[in-house]
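J.: Fit chains S and G with the ligand to the supplied structure of chain E, relying on the hints for placement.
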Amino acid sequence: MTLKTDHLAGGQFYIRVQDALANAPIRANFRKAMDGLMHKRATALEDTQERESLRELAANVRLRALARLPELLIQLEKKCQSQGIQVHWAQDAQQACEQVLAICQQRQARTVIKGKSMVSEEMELNHFLAEAGIEALESDLGEYIVQLAQETPSHIIMPAIHKNTQQISQLMHEKTGTQLSHDVAYLTECARQQLRERFQQADIGLSGVNFAVAETGTLCLVENEGNGRLTTSVPSCHIAVMGIEKVVEHLEDVTPLLSLLTRSATGQAITTYFNMISRPRQPDEKDGPEVVHLILVDNGRAHLYQDPELRDTLRCIRCGACMNHCPVYTRIGGHAYGTTYPGPIGKILMPHLTGFANNAALPSASTLCGACAEVCPVKIPIPDILVRLRREAVNGDQINPSVMAEKGFKRTWKEALAWQLWAYLAQRPRLYQIATKIARLGHYWMPQSLGAWTQVRTAPRPAAKSLSQLRRDAEKSL
Amino acid sequence: MHTSSSSKVAPLYTNAAPAQQASHRLKVYPPKPQKVYFFATCLVDLFYPDAGMAGIQLLEQQGIEVLYPQTQTCCGQPAYTSGYHDQARAVAQAQFDLFPEPWPIVLPSGSCAGMMRQHYPQLFANTPEQANAQAIANRVFELTDFLLHVCQLQLKDEGKPIKVALHTSCSARRELGIAHVGETLLDQLAQVERIEPKRTSECCGFGGTFAVRHPQISAAMVEDKTQALIDAAPHFVTTDCGCLMNIQGHAEKTRLKLQGEHLLSFLWRRTQNDA
Amino acid sequence: MSARDTILQRLFDGRTEALGETQAQVPASQFHVLAQVKMSLPARLQAFQQAMAKVEGEVIVLTRAQWPQKMAAWLADHTQAQRILVPPAHHVLGQALAPLWQGQWGHTWQVRTYDAPIETWQAELFNEVDLAITSTRAGIAQTGSLVLWPTPEEPRLMSLVPPIHVAILDSQRLYNTFYEVLQVEAWAQQGMPTNALLISGPSKTADIEQTLAYGVHGPKRLIVFVLVDEEMAEVCDAP
Ligand code: SF4
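Going line by line, the protein sequences match chains E, S and G. All residue numbers for the first sequence refer to this note's numbering, where the first residue is 29 and numbers rise by one. All residue numbers for the second sequence refer to this note's numbering, where the first residue is 9 and numbers rise by one. All residue numbers for the third sequence refer to this note's numbering, where the first residue is 302 and numbers rise by one.
Keep in mind the hints are simulated off the structure, nothing from the lab. Don't take each hint at face value.
[As the list claims (entries may be wrong)] According to the in silico footprint, chain S covers these stretches of chain E (three or more CB under 8 Å from chain S):
id: 1; stretch: 256–265
id: 2; stretch: 390–397
id: 3; stretch: 423–434
id: 4; stretch: 489–495
Quick caveat: nothing in here was measured; it's all calculated off a predicted structure. Glycine residues also receive a C-beta, built at the ideal position from the N, C-alpha and C atoms.
Isolated chain E (complex conformation) (with noise of 0.2 Å):
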């Protein structure tokens, strides 16, 4: 066999994974967060019946929006614009970012302040309004954090999770001035102050969307700590980003979807604030932005639509679940994904936003133990998924051959043929036989690359006598 390593193909990936386990407190870190956060959802949901239930719901919820996708945009567009909300549509990153530019220029605005978004983190947006002259300014806890920090969410509910709080205190007393103190009161008053003032001066408020009602025109926020409300409300303006999957047909359709996304994402019943907008200020009102822009991002979404199987991963409504309980996860921590979506949900859906080749090694990196579904509010049966990546990444199948862009950009000739000459001899009982007896003599059949095997582990001791040796002498004897 000619298992190799991903090394080559992988790149990075390699490099970061040996780095963030070498890493002893970024290991306790995540260790200590996840067995929390498991903990959590284990009990808000020890229900199983209620769970199930809840599940097989959300499920279905999110099928049926996501086959009439086309149509329920269509009716998402419509009643958003009749209600006074502005609806743009991004193919990619770039276009969602120039379309925010084309507001914030016509506005005349210097500062964007933000409600917690992964989109805009896809889009790199903050990046790209900077060299635009404009600051864009997070205002979730965790998201300054990692801003101040000048580096991207290692999670997608909990951006400053790599962090702890000594490492926390140090980085604010820096960067803000703050007091070096443990105290966790402390520190996120003093967030507080710093944020409060921020959002009276901002021009411009950009938040993502958690769930987007089609019938009734709404955009659905989920947060807790009031700056997504805070972001949605006091600027005259806001831009709302949102991934073309995010639709639902229905008002009612949020209601499992929601339980399920808090209950799952941190054992919560319910966040502080649920935020349901459906239009800009009304003449009699007296706060609230003046106008709404809704910004619909496609950003490789519609081509992986367009596979029945691969399209289950657009189900996902964001809970970090997958995460939580991924053992891969839990070892190597998010940044070591080097993707803006990390875990599990990160491993199926980067390859369709910022290139197959470009997120190589995410498929293999996992042992298919299938935690991950498991867990998952929307049963998006993930490793069915990471398998046919893997096929897609071989280009392995001939009756069901691949469909996606890169397909077959990791298959070498040697372990096609590796795998080859693997079939024909299972395919051969007798000199599979053989085969195998010289293995038992020669005592290295197993993975060629017994090396990796071996570092840590004994290599495997083949018996004096297979199974099907004692079998036949058993008959023989009889």
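T.: Then chains S and G with the ligand, alone, in the frame of chain E:
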């Protein structure tokens, strides 16, 4: 603009991924049969024949005749999870003829049973063998599951008091949903104290080719798993040879005092008079 | 082609191509797991209180008789608030609280209403108001949530900017679940307001090493006065 409009009812469809539907296929336990087919799996055949023998003996003790097709090779899983589905299909199909009569097919491995039970139908979708693959899948059982639920196995413990930690493989736990089986069987043994290791449902880091493709992550995982098992008890049993080879190999390499054994070998040994 | 048309085209095309024989209709959703949650009023109240308590929301149950005075007394005892924001006199709640700002109950609070667009007094709202009192549209027992539809009399920042948010909830309007609220009040059919909110406790964060801290951007305290009928008073231990 496109001609479709919301007035024209768009065709809706369910999740088209057959795998997901398959994993929800209800398992129907047959009545206790006269005979079963025994599919040993490559790891048992080559490295842990004693586990296979133990399984066969436990079956025979139940009065079941064990048919051992000598021409069996591999379920095809390694190629399947590596994305080489043409090869996986060819090898899988070569096994179909091993089971001509309608007896159940039992495997001493959750991972290979999971492959045959949950993935064959999808692997053979859109091929002439589709129905055949489905029929075979429906007959596949992991052996301990079969012993407990079909044979209603009752164990009598003949051994000395011992503390044991159980590691259930991820395929047995999540793909087949039979995590309770190993626990129930061990709990039948009066002198065996089963100790639940910390984070018991977490993967050991084997994952087939994962262990060689991503050795560092795999190493970090097996380190933790081995430690959790040692913290629980000096002896562990597991339902899958992959996990056994991984954990035992790591314990040996790092000279940790942890003794591992396949669950079937352990059950058989404990119920013998000379145990 | 515009971005819009390209995206939609791709979605329509993708779907047509994918329509194989395996694809049937997605069945309609069955909401019974949510619809089946039905509690008696005392049970709903208890659930509401418990859920609020979990997130440090303060719940005080009051009988209807003279509840404004009782509430004022409680607030005087339990908060340091001086500058208070209330709905105007033409609003039901504003009317009930009118004696308060007319100084009739002997409190020395400075009271004002949200009578002008935010732009004209933003700094004052952010820096000087200690406490705001709002009505609520409904409550949700299962999750301990308040339902608010901000109005010109009670704009959205009232429940967000001042450090203390006081909310009045009529127990008659305490529903089992959010799902029930949507069904019974027929939100989708009626049309949605500019902004609708569920509020479940004071603002909080766990972004620093999973340690919970309250009052990060929104109110630091959420105090809910639940109004009940006399007969409920004993069950609920109301003052
Ligand atoms: S894939 Fe599932 S578990 Fe992971 S973030 Fe999305 S919804 Fe949550």
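J.: Evaluate each hint against the coordinates.
T.: Do the hints match the structure? See the list:
| no. | hint | in the structure |
| --- | --- | --- |
| 1 | 256–265 | violated (count 0) |
| 2 | 390–397 | holds (count 6) |
| 3 | 423–434 | holds (count 5) |
| 4 | 489–495 | holds (count 6) |
Going down the numbered hints, you'll see the structure goes against just number 1.
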